[in-house]
Amino acid sequence: MADKEEIPTTNMSSNMPLNNQDGVNVYNQVQSTVSGHQFEVDDTVGNERICRRHAKGTKEEWDANGDRKLEVRGRDYVVILGDEEIEVRGRCNITVNGDCSVNADGNLTAKAKQIDLTSDTSINIKAGTSINMEAVSGDFAVNSGGGYRLEVAKEATERFKASLDTNIDVNNDLNVGADSKVMVTGNSTQITEGGTNIFTAEGMVIGSGTFMAVSGGTSLDFASTGSTIFNGADLTIESGKVTIVDELETNKTITSIGVIHSNDDVTAGSIRLKSHVHGSSPGPS
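Taking this note's numbering, the leading residue of the sequence shown gets 236, the next gets one more, and so forth.
Think of the hints as simulated: they come from the structure by calculation, not from any bench. Here the structure is a predicted model, which is why all the values come from computation and not from measurement. Each residue gets a CB set at the ideal place from its N, CA and C atoms; glycine is no exception. Check before you lean on any hint, since a few could be wrong.
What the hints assert, rightly or not - Lysine to any residue pairs mimicking SDA-like chemistry, simulated, CA-CA at most 20 Å apart: (1) LYS304 <-> VAL331; (2) LYS361 <-> ARG384; (3) LYS361 <-> ALA345; (4) LYS294 <-> GLU306; (5) LYS396 <-> ILE433; (6) LYS416 <-> ILE433; (7) LYS348 <-> ARG324; (8) LYS361 <-> ALA388; (9) LYS304 <-> GLY292; (10) LYS416 <-> PHE465; (11) LYS291 <-> GLN266; (12) LYS389 <-> GLY412; (13) LYS487 <-> ILE472; (14) LYS294 <-> SER270; (15) LYS294 <-> GLN266; (16) LYS487 <-> PHE465; (17) LYS346 <-> ASN378; (18) LYS389 <-> MET368; (19) LYS389 <-> ALA362; (20) LYS361 <-> THR344; (21) LYS476 <-> ALA458; (22) LYS396 <-> MET418; (23) LYS304 <-> THR293; (24) LYS476 <-> THR460.
Stated by the list, open to error - Label-pair distances were calculated between CB atoms; the ranges are: (25) GLY325 <-> VAL387: 43 to 51 Å; (26) LYS396 <-> THR344: 25 to 33 Å; (27) LYS396 <-> VAL440: 25 to 33 Å; (28) ARG310 <-> LYS396: 49 to 57 Å; (29) THR427 <-> SER459: 18 to 26 Å; (30) ALA347 <-> VAL440: 31 to 39 Å; (31) GLY309 <-> THR268: 12 to 20 Å; (32) ASP278 <-> ASP340: 43 to 51 Å.
Let's have the full structure, built from the sequences with the hints guiding it.
Structural data, given as structure tokens:
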């Protein structure tokens with residue numbers, strides 16, 4: 236058989252009041268049993284008290300104010316075969332020096348004006364089905380001193396009813412395994428202090444319903460291993476020099492808008508296009 240656990244002899248709680256020692260002997264009646272149990276009733280005026288003690292040190296006492304203190308020098312078991320309600324009309328402090336578990340076969344509800352959860356190491360929250368968090372009228376803030384990971388097994392939806400500002404101090408990597416679509420009902424502006432590189436494995440389509448402007452501070456490169464298609468009602472390229480490598484093909488008229496001086500010349504391969512209009516009626520050579 237294992238040795239019986241030794242029960243400490245000091246007070247279990249530092250908040251427990253001290254015993255009343257001001258009773259007058261003639262009004263203080265004490266009954267003791269052979270094994271050491273005591274039953275005490277003190278009728279001293281101003282020090283009315285009832286106390287019962289177990290030989291092992293467990294005791295329960297009511298003082299002159301009607302306050303009750305219970306000190307259990309061992310394990311305490313409470314079994315209630317029906318309902319129980321506990322009402323505290325003042326403060327309530329619970330201190331557990333070891334582990335603490337709360338098990339409920341039904342629902343568990345906690346309601347308070349403010350709830351603070353603090354852990355020296357970690358807080359783990361797990362639900363068998365769903366987790367719902369809502370800030371009805373205030374802010375919702377998440378601060379992480381380390382990393383941040385979010386993994387969603389199925390479809391995810393985010394909706395911001397006001398503006399959204401995202402600041403990334405270092406790099407940003409976005410990997411999309413399938414199609415990606417971005418819709419902006421207003422204006423969309425992207426500003427980069429470095430270069431902008433767009434690579435596609437098959438083709439790239441850029442279209443606009445009314446007007447589209449593409450500009451770069453120093454250089455702007457579009458590159459793809461397949462086709463790059465600019466599709467719109469009008470496409471205007473304003474630059475000091477336009478270079479088309481390999482081949483230029485059009486099934487409509489190429490028109491230069493503006494003044495072409497007599498010395499201006501446009502060359503495609505070995506064909507000089509000065510003063511020429513290529514179409515149904517060739518111009519002078």
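Exercise for the section: Report the numbers of all earlier hints that the structure fails to satisfy, in ascending order. Expected result: The structure conflicts with hints 5, 17, 24 and 30, although it agrees with all the remaining ones.
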